[in-house]
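**Student:** Sequence:
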Amino acid sequence: MTSGRIHKMMALFFCTGMLCLFPVLTVRAEEIQSDSRAIVAYTEDYTMGTVSSLCNGVSFQNCIYASNYDSIVVGAYPNSGYSFAYFTDNGVIVTKSAYYSFNPGYYDHTVVAHFVKRGDNDDDDVPRVNWANSACVFAPGYKIDAISITTDQVVQGKQCREAFDSVKGDYQYIGMYNISFAHAGKPLEKLDHSVQLLFDIPAQFQKSGRQFMMLRVYKGEAVALENLDDRGNKVQFETDCTAAYALVYKD
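Remember, my numbering sits 484 above the position in the sequence shown when you count from 1.
It should be emphasised that the hints constitute simulated quantities derived from the structure, not laboratory data. Please note that a few of the clues may not be correct.
Within a straight-line C-alpha distance of at most 27 Å, the following computed DSS-like cross-link-like pairs (lysine-lysine) qualify [stated by the list, open to error]:
#1 LYS718 with LYS691
#2 LYS627 with LYS642
#3 LYS580 with LYS627
Can you make the complete structure from the sequences, with help from the hints?
**Tutor:** This is the structure we're talking about:
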């Protein structure tokens with residue numbers, strides 16, 4: 485019997501017996517390019533539900549590297565007795581839909597499916613959460629009656645990204661958003677006066693000594709908005725319009 489056959493039989497024996505000394509690992513071989521973005525997708529609590537993740541229609545588990553224009557779709561499936569609540573992307577609530585679809589854009593994504601235990605009187609699988617004010621809220625003393633704020637994390641277009649680039653200096657992107665105002669449910673482009681808003685900084689980006697800032701693009705004009713909060717977990721900035729925004733940082 486040849487040495488090669490003996491080695492193959494030994495490997496087969498060890499991995500089919502009570503103890504596998506040579507565990508079989510599935511490794512995805514892929515070259516990380518300059519535009520590769522890390523996509524991480526998982527459930528906050530596996531006892532409550534599961535997630536399925538696709539990149540360009542091909543399933544992946546937990547993590548994958550994707551390019552700017554790849555298509556990522558993440559689905560959430562609650563276990564019995566639980567309901568799907570919402571998805572967060574980089575710590576910001578992005579949708580209450582059980583399916584979240586996006587392109588990587590120019591930053592990494594950590595997508596987490598959140599579930600809740602169902603109550604006896606729940607009528608559906610979507611809990612009542614304050615979506616409009618989940619990520620961005622009025623700073624104390626600036627709330628306007630009947631005015632609501634909605635935050636959507638998005639992949640901005642090329643011209644908008646170039647406008648952000650023109651004012652971000654040596655800051656790095658955390659995320660890009662559409663922050664919009666509404667009066668009694670009706671979209672509102674401009675407020676009567678400027679207000680100050682508080683925006684939650686995703687937990688994984690919080691770091692002692694790190695500086696944060698919000699950028700805004702409104703009607704093609706980009707500005708850097710001063711951060712009025714030094715606590716390190718929120719950005720407080722002044723604005724008066726529905727527009728494209730970007731949260732950035734530097735060390």
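**Student:** Please work out if LYS580 and LYS627 have their alpha carbons no farther apart than 27 Å.
**Tutor:** holds (25 Å)
**Student:** Need the status of pair LYS627, LYS642: alpha-carbon distance at most 27 Å?
**Tutor:** Violated, at about 33 Å.
**Student:** Run the distance test for LYS718 versus LYS691: straight-line Cα separation, threshold 27 Å.
**Tutor:** Roughly 12 Å between the alpha carbons, so the hint for LYS718 and LYS691 holds.
Hint 2 from the list above is the single one not met by this structure.
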